[in-house]
Amino acid sequence: AQSVTQPDIHITVSEGASLELRCNYSYGATPYLFWYVQSPGQGLQLLLKYFSGDTLVQGIKGFEAEFKRSQSSFNLRKPSVHWSDAAEYFCAVGVGDYKLSFGAGTTVTVRA
Amino acid sequence: NAGVMQNPRHLVRRRGQEARLRCSPMKGHSHVYWYRQLPEEGLKFMVYLQKENIIDESGMPKERFSAEFPKEGPSILRIQQVVRGDSAAYFCASSPAEYATNEKLFFGSGTQLSVL
Numbered sequence: 691a692q693s694v695t696q697p698d699i700h701i702t703v704s705e706g707a708s709l710e711l712r713c714n715y716s717y718g719a720t721p722y723l724f725w726y727v728q729s730p731g732q733g734l735q736l737l738l739k740y741f742s743g744d745t746l747v748q749g750i751k752g753f754e755a756e757f758k759r760s761q762s763s764f765n766l767r768k769p770s771v772h773w774s775d776a777a778e779y780f781c782a783v784g785v786g787d788y789k790l791s792f793g794a795g796t797t798v799t800v801r802a
Numbered sequence: 028n029a030g031v032m033q034n035p036r037h038l039v040r041r042r043g044q045e046a047r048l049r050c051s052p053m054k055g056h057s058h059v060y061w062y063r064q065l066p067e068e069g070l071k072f073m074v075y076l077q078k079e080n081i082i083d084e085s086g087m088p089k090e091r092f093s094a095e096f097p098k099e100g101p102s103i104l105r106i107q108q109v110v111r112g113d114s115a116a117y118f119c120a121s122s123p124a125e126y127a128t129n130e131k132l133f134f135g136s137g138t139q140l141s142v143l
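Chains as they are written, first to last, in our numbering: chain A, 691 to 802; chain B, 28 to 143.
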């Protein structure tokens, strides 16, 4: 069965520092992979997605993610975080045509 | 262009009551999906609907839960005789009319259901 693991429940990072959020997946075929962000009181917003091709994917808000098949990982990175990046981040794998299987999420706190 | 609208944002029910959660998809979207997020878990797919049709309800509990998406009006997720284990965040998503896809899902802000 498809599954997504986000090992870090909570990460605290200083403003201006780099950020990396881990995501590991279990999926039989070539996965469709997604990162979503949920800011307080907001809906989930798509940051980026990987379907095929270049394994380094650029997204919105300065985020990028790298697909590594050998490690079954799709880690999200940002070189320099801003206070507005404080949110909950979800990794997801596409299942079939329309379903998503989500990880439990990582909450990011940004300290001044 | 309003996004996916869910209401209420917070819903408190006592055990045994009914909960009705509403979702208005984005304009022009005719595919609606409901997901549930239990505490400290990821979102789990519940049901996929098109106008007046349930396409896939494989993630719905067999009892007490139902969903509809009428020709007019919002999609409704209905939970009868709620129990404490139903306490969760319920998210709705929609996708454009051309196809059902996980490539272009737009999510609402969710409804937090608390059962006392």
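Mixed in with the good hints, there may be bad ones.
[What the hints assert, rightly or not] DSBU-like cross-link-like pairs, simulated, lysine-lysine; straight-line CA separation at most 30 Å:
| # | chain 1 | residue 1 | chain 2 | residue 2 |
| --- | --- | --- | --- | --- |
| 1 | B | LYS131 | B | LYS54 |
| 2 | A | LYS758 | B | LYS89 |
| 3 | B | LYS54 | B | LYS78 |
| 4 | A | LYS751 | B | LYS89 |
| 5 | B | LYS131 | B | LYS89 |
| 6 | B | LYS71 | A | LYS751 |
| 7 | A | LYS739 | B | LYS131 |
| 8 | A | LYS739 | B | LYS71 |
| 9 | A | LYS758 | B | LYS71 |
| 10 | B | LYS71 | B | LYS54 |
| 11 | A | LYS751 | B | LYS54 |
| 12 | A | LYS751 | B | LYS131 |
| 13 | B | LYS98 | B | LYS131 |
| 14 | A | LYS739 | A | LYS758 |
| 15 | A | LYS751 | B | LYS98 |
Worth flagging that the hints you see were computed from the coordinates, not collected in a lab.
Taking each numbered hint in turn, which are not upheld by the structure, reported in ascending numerical order? 2, 4, 15
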